[in-house]
Amino acid sequence: MGSRIAETVERTKAACPLAGSITNAVTVNLVANAQLAVGGSAAMVNFADEAEGLVEIGGAFYVNMGTLVPVHAESIPAAARAAHKWGKALVLDPVGIGLGGVRTRILLDVKPFRPLIVRGNASEVIALSRLWGLEAVAEGSGPRGVDAVDGVEDALSAARALARFTGGAVAVSGAVDLVTDGSRVARCSGGSPLMTKVTGMGCSLGGVVAVYATQADPFTAALAGALAYNRAGERAAAIAYTPASFQVAFIDELYRATGEDVASQPFEIEEV
Amino acid sequence: MGSRIAETVERTKAACPLAGSITNAVTVNLVANAQLAVGGSAAMVNFADEAEGLVEIGGAFYVNMGTLVPVHAESIPAAARAAHKWGKALVLDPVGIGLGGVRTRILLDVKPFRPLIVRGNASEVIALSRLWGLEAVAEGSGPRGVDAVDGVEDALSAARALARFTGGAVAVSGAVDLVTDGSRVARCSGGSPLMTKVTGMGCSLGGVVAVYATQADPFTAALAGALAYNRAGERAAAIAYTPASFQVAFIDELYRATGEDVASQPFEIEEV
Amino acid sequence: MGSRIAETVERTKAACPLAGSITNAVTVNLVANAQLAVGGSAAMVNFADEAEGLVEIGGAFYVNMGTLVPVHAESIPAAARAAHKWGKALVLDPVGIGLGGVRTRILLDVKPFRPLIVRGNASEVIALSRLWGLEAVAEGSGPRGVDAVDGVEDALSAARALARFTGGAVAVSGAVDLVTDGSRVARCSGGSPLMTKVTGMGCSLGGVVAVYATQADPFTAALAGALAYNRAGERAAAIAYTPASFQVAFIDELYRATGEDVASQPFEIEEV
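These protein sequences, in sequence, are chains U, V and S.
Residues 1 to 272 in UniProt numbering are what the first sequence lists, from first letter to last.
Residues 1 to 272 in UniProt numbering are what the second sequence lists, from first letter to last.
Residues 1 to 272 in UniProt numbering are what the third sequence lists, from first letter to last.
These are calculated hints, taken from the structure and not from any lab test.
The structure presented is a predicted model; accordingly, all values stated were derived computationally and were not measured.
One should not assume that every hint holds.
For lysine-lysine, the following DSSO-like pairs were computed, each having C-alpha atoms within a straight-line distance of at most 30 Å [what the hints assert, rightly or not]:
| # | chain 1 | residue 1 | chain 2 | residue 2 |
| --- | --- | --- | --- | --- |
| 1 | U | LYS111 | U | LYS85 |
| 2 | V | LYS111 | U | LYS197 |
| 3 | S | LYS13 | V | LYS197 |
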């Protein structure tokens with residue numbers, strides 16, 4: 001697995017692959033800069049035909065549901081449909097799931113197109129699995145803004161159910177990150193607590209995973225992203241102790257990290 | 001007052017309280033990062049039902065009218081109505097007041113819900129007081145983009161009229177900041193001229209005041225925000241002499257500042 | 001030419017002129033901060049009447065087509081019409097040209113109002129010249145996200161055709177930047193390869209050119225902007241070797257640069 005991760009990171013730097021996005025206004029700049037930092041190319045749009053165009057010319061596509069506006073009710077399902085049709089990975093970050101009616105409707109409209117990668121915190125992954133009727137989940141995980149209230153391990157069965165449904169991979173971010181394709185579960189820890197003090201770490205990870213998904217299968221891409229983020233987080237935390245300096249150092253270290261650097265971050269894979 | 005300010009700052013760090021926002025695209029990232037830096041939690045939305053949901057689960061809500069799109073014509077008044085109904089503080093930043101028809105209509109629709117905190121530069125506060133018919137104001141303060149053309153003291157009677165109308169507090173930003181609840185006027189100076197060379201200092205202050213308003217009354221929250229900004233501005237200006245470095249240092253210092261640090265910034269309160 | 005450039009830069013610092021914008025969500029914060037760094041004033045809007053208001057009270061206007069939403073189909077042509085009517089420079093950055101239907105329709109609607117400055121990469125300038133029927137261009141320059149696939153010199157005849165059509169200036173960004181008013185062609189090189197690793201360098205240059213266009217003719221404004229960016233890029237690259245640090249240093253150096261600094265950057269003007 002290590003060599004596939006290193007190759008993914010290095011091939012991305014060489015190819016400058018495009019992963020277009022529909023993503024939220026809060027963190028869109030960080031998403032684009034993170035995608036550039038790992039060697040990718042970024043383009044953000046809102047209209048359905050534009051998203052379809054980017055799916056077609058790009059290698060993967062990223063959808064983050066943060067700050068929806070009405071046009072997204074059509075364009076997010078259209079992007080998912082296009083990705084499904086052309087067999088390209090769509091990375092879905094269901095930020096804010098449970099909040100408001102449009103978000104729910106969009107996620108139900110996306111379901112038939114089985115996005116190959118889902119990325120979120122534990123609460124979001126649990127809520128998506130429940131919304132899509134993939135398994136019964138205990139009550140009590142309502143929305144609390146955009147931060148997780150559930151632990152990563154609590155989301156394991158939801159994540160596996162989602163991955164089996166899509167045939168792709170699911171990544172759950174937390175103190176320990178969890179990536180699964182339904183039969184394998186990778187766990188990796190690292191990063192820095194300062195990553196929770198900067199907005200957009202999860203969003204930009206989704207964008208980076210989409211870039212990596214242009215060069216690798218969903219499970220490898222999601223794991224490579226998680227490891228790259230742990231690596232950059234640890235290196236940045238050795239340089240900066242406060243959030244804004246940390247964010248600058250984080251993107252710098254994401255840019256610096258070689259394939260070998262990323263692959264040498266600790267992780268464990270369990271067959272389940 | 002000093003001890004209430006220190007408590008507000010420290011309670012915020014301990015509680016990680018959520019203040020949702022409808023805020024402009026230019027500075028939304030800085031707003032969120034400033035809210036996280038002081039210990040709060042951030043979530044930005046555009047739809048009415050989402051805003052109502054965040055008002056319900058959060059402790060306060062922030063509305064900044066910078067880059068309006070059509071959906072805001074419904075969602076900003078809905079957020080104000082929800083905040084009014086549930087007795088939660090809504091912080092209103094009437095950026096760009098006077099520019100275009102939608103902005104005016106929204107502000108008129110918000111009026112019945114008396115947002116508990118209004119924050120703006122002198123020109124914006126004067127224009128809002130006039131728009132809401134709270135006092136006769138001399139002509140000549142038309143819009144000039146987003147920067148103030150009036151002095152802070154020129155806005156004193158408008159600010160007091162607004163505060164008496166809402167029953168909350170009004171904060172006017174400038175070289176000297178002014179915070180009033182109608183009967184008390186706090187003045188504090190400090191900060192740095194570089195704060196005018198970085199976009200979003202006022203916007204992100206509004207977001208921070210909303211976070212503080214989850215832990216304190218409107219007057220205390222608005223004053224705590226102004227003092228925290230003066231503190232961080234002064235410390236950042238001791239480190240950085242150019243705007244982008246200054247912005248990084250500013251958020252870092254906002255994060256570092258303790259309740260005691262903020263409460264020890266100079267301010268004076270006058271009963272009027 | 002050097003003294004006109006130095007004067008443009010210095011007059012901007014003294015006047016704090018407003019150039020409003022309709023610009024994309026990805027880089028809007030950097031656009032505003034770059035405009036402030038060179039001494040200008042920024043205001044971003046989406047509605048037609050707001051854009052018209054900013055054209056009226058500002059000295060120039062910037063339109064960047066990155067992340068369109070439906071309201072822009074009306075407001076971008078309205079801004080162009082207002083600028084044309086009042087004889088103010090509109091700087092058009094046709095980002096993403098060729099992608100989706102709305103973008104094409106807007107650009108066709110803008111054509112009659114002949115924006116006085118067009119700024120883009122080589123592929124965008126070639127595509128705009130072709131879309132407006134200004135010259136036959138070889139096939140094969142379809143959209144590839146937002147990055148250029150054509151070389152700057154390949155865009156020379158398209159740029160000249162556009163400049164002759166508008167009666168203004170066209171700036172093509174690349175390793176060598178090219179600015180033309182149809183009869184003169186200025187070329188300047190410099191900057192840093194790191195400028196391609198940070199999102200929004202081109203977008204924010206457009207915003208800065210709009211600010212300079214409040215103080216100078218289109219050709220001088222576009223050249224001053226290109227030289228200021230080369231200057232800041234070179235200085236920043238001497239300080240920072242990684243993209244996020246580079247971006248911070250870049251805005252800092254843009255702020256520091258005097259009129260003399262900018263005018264002393266190398267450039268050559270050819271009469272054609």
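Please list, smallest to largest, the hint numbers that this structure does not respect. Violated: hint 2 alone.
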